[in-house]
Amino acid sequence: MRWIEAIRSAFSAIMANALRSLLTMLGIVIGVAAVIAMVAIGSGARNLVDRQIRSLGANLAIVTPGNVTQGGARLGAGAASSLTDEDAEAIRREIDGVVAAAPFVQGGAQVVAGGSNWGTRIYGIDLDWFSAREWDVASGRTFDPEEMRRGDIVILLGQTVARNLFGEDDPIGQIVRVRNVPFRVIGVMAPKGQSAFGQDQDDVVFVPLDAGRRRLIGRNYAKDRSVGSIFVKFASERDIEPGIESMTELLRQRHRIVGDQEDDFSIRNLTEIANTASASANTLSLLLAAVAAVSLLVGGIGIMNIMLVSVTERTREIGLRLAVGARPRDILSQFLIEATTLSTIGGALGIGLGAGAAYLVAQFAGWPSLVSTNAILMAVGFSALVGIFFGFYPAQRAAKLDPIEALRRE
Amino acid sequence: MALIETRELQRVYDLDAGRVVALDSVSLDIEQADFVAVMGPSGSGKSTFMNLVGCLDRPTSGQYRLAGTAVESLDADGLARLRNREIGFVFQQFNLLPRIDALGNVELPMIYAGFDRKTRRERALEALGRVGLAERAHHRPMQLSGGQQQRVAIARALVSSPSLLLADEPTGALDSRTASEILCLFQDLNREGVTIVLVTHDAEVGRHARRLVRFRDGRVVEDRRQEPADARSPAPEAAE
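Protein sequences, first through last, are from chains C and E.
Numbering of the first sequence is given in full-length UniProt numbering, commencing with residue 1 and proceeding in unit increments.
Numbering of the second sequence is given in full-length UniProt numbering, commencing with residue 1 and proceeding in unit increments.
Please keep in mind that the hints were generated in silico from the structure rather than gathered at the bench.
Treat the hints with caution; some may be incorrect.
As the list claims (entries may be wrong) - Listed next, the in silico EDC-like pairs over lysine to aspartate or glutamate satisfying Cα-Cα at most 16 angstroms (straight line):
hint, chain 1, residue 1, chain 2, residue 2
1, C, Lys400, E, Asp75
2, C, Lys400, E, Asp77
3, C, Lys400, C, Asp330
4, C, Lys192, C, Asp136
5, C, Lys192, C, Glu134
6, C, Lys192, C, Asp203
7, E, Lys118, C, Glu5
8, C, Lys192, C, Asp50
9, C, Lys192, C, Asp202
Stated by the list, open to error - Listed below are several chain E residues computed to face chain C (Cβ distance under 10 angstroms; list not exhaustive):
hint, residue
10, Arg83
11, Arg85
12, Phe91
13, Arg99
Please read all numbers here as calculations on a predicted model, not as lab measurements.
Just so you know, even glycine gets a beta-carbon here, dropped at the ideal spot from N, CA and C.
Sequences and hints are given; from them, build the entire structure.
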């Protein structure tokens, strides 16, 4: 019997019991959907890590002030302003493998230019910022050391801010006011895009550290030299772990913390955070792989079960087909094709469902949705294999029927 | 050479209860274009004989030639091929596939013979025309009466121009008027040269054949030619 006939006959048999067929497919649908979602989530997570590293800068650690206890109340991480730009200087000088140590302060501010204004985040930074974050200006220039030293009131705009305040006009040389302080725009930063967590990184302005500290943010920074946090960039990933250890040592010394006293700062490895995200995505992938394996197995058994029922129900049909000249192998291939068609239709539905699920996850997690051709081919292959594997026994039972017995069966 | 030649044909079943000789040394020739009724009570061996003649089963011993082919030496595939080419079956319960229309049912043997779609369609329509159902080609079995279903089954049996039409109680599930229509069709086909072997336990049906073979206890106990009853005229009991 020709393939096309067998497939047509398989479709008619499947449609004859549409609901039953659909329920039978369910296991395959879920299994294949899990495979698709697994692959999509796995590559989405890899992509997230790549993007995080690209947008934040590679081999980065961040030093933040620790908690502080005031009258018995522990105020939580970042409450203290224990870090200073001298700490940053010391880190830069004394820790091996450190390429840049960028202290900064940050706050929120309304930026006004002529008739328009825009609320954004304002950072007071020093010159190491640009190399630590691997971020430069797109036009104009960055601060010069003299401006840094004096804390001049000059400003760099992020792309989003520049667009919202000046539209198509060139902002360089213009004056913007922040808290009534007039800043001269000297540059516009290169676009950085969304962060790995979906924030617009271009919605930001930068001023020299001292200018930011004195004129804009001030309030938390009791000591004149204090900073919010410090980005520390290492030459390579290998340097990060030992670097963090020696930084801890160094800062404890500088802050005169002895014995079992608690650190008044904390250091996080940002590359590690990215890796943690990827590790949890891997866990999710593994879980989905388990779901996929179990569903495909259960789906396969479901198909085997329903095919056995079908063979029993259609014994007379098999007898008749044998009587009019079907060879046992024609019967075998007919039922095998039917099982495979069933599982492949299930696979196709599963691809739809899995792609939908991957899309939703991507939407919520802010990842790109990646349903690859490979994953689809793999899913189709898997479901066809399940059909062939679990359809074989019922098909063989059909093929072995004795035509006389089969014709007599009610 | 006769179309069917059986020599010392024997079929023995090994059951738990012991050996059962279902068919015992049957030697019988059936000529081309004959119309033979095989009769006998149940357990007489007529069904076993039909299964052997229909190449659905192989004899325990003895020889059987169908259209010159030695059947006893064929394997399952060989038997399937022979059934496909040389035999058209008609069953008591019609055995049509419910999901496909009359045309599709008639096409079935040709699918296994490997004909293309166009040829199948043409020949199936032609066969349906021969049994007077050309205009019902796209009806499903459920939409047809019992007599019409049996006609579709006969068209299916005829479609690949087999040497032998083998009918097993073809009127058993029909009322007497429809039954005589079917028998009339058999007689017409036989006049056109189709060889028919009709297995029945009903003497009235058997009267329509040219030759009557009666089985009892696995042996042929009667074998005679007769003047066939005309299916077109009312049957005697119906006239009473």
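How the hints compare with the structure:
1. Of the pairs offered as hints, the one joining C/Lys400 and E/Asp75 holds, with about 14 angstroms between alpha carbons and a cut-off of 16 angstroms not exceeded.
2. A threshold of 16 angstroms between alpha carbons decides the hint, and for C/Lys400 with E/Asp77 the separation of about 12 angstroms falls inside it, so the pair holds.
3. Between C/Lys400 and C/Asp330, the direct Cα distance comes to roughly 11 angstroms. Compliance with the 16 angstroms bound is thereby established for this hinted pair.
4. As the CA atoms of C/Lys192 and C/Asp136 are separated by approximately 10 angstroms, the hinted pair is consistent with the 16 angstroms bound.
5. Only pairs whose Cα atoms come within 16 angstroms are accepted, and C/Lys192 paired with C/Glu134 is accepted, the gap being roughly 10 angstroms.
6. Straight-line distance between C-alpha atoms of C/Lys192 and C/Asp203 comes to about 10 angstroms, which keeps the hinted pair within the 16 angstroms bound.
7. Note on E/Lys118 and C/Glu5: the hinted pairing holds, with a Cα-Cα distance of about 13 angstroms set against a maximum of 16 angstroms.
8. With a C-alpha separation of about 14 angstroms, the suggested pair C/Lys192 and C/Asp50 falls inside the 16 angstroms cut-off, and the hint holds.
9. For the given pair, C/Lys192 sits about 6 angstroms from C/Asp202 by alpha-carbon distance, which is consistent with the 16 angstroms threshold.
10. Taken as an interface hint, E/Arg83 checks out: its beta carbon lies about 5 angstroms from the nearest beta carbon of chain C, inside 10 angstroms.
11. At a threshold of 10 angstroms, the smallest CB-CB gap from E/Arg85 to chain C is about 7 angstroms, leaving the interface hint in force.
12. At its closest, the beta carbon of E/Phe91 sits 7 angstroms from a beta carbon of chain C; the interface hint therefore holds under the 10 angstroms criterion.
13. Interface hint at E/Arg99: satisfied, since its Cβ lies 5 angstroms from the closest Cβ of chain C, which is below the 10 angstroms cut-off.
Checked against the numbered hints given earlier, this structure breaks none of them.
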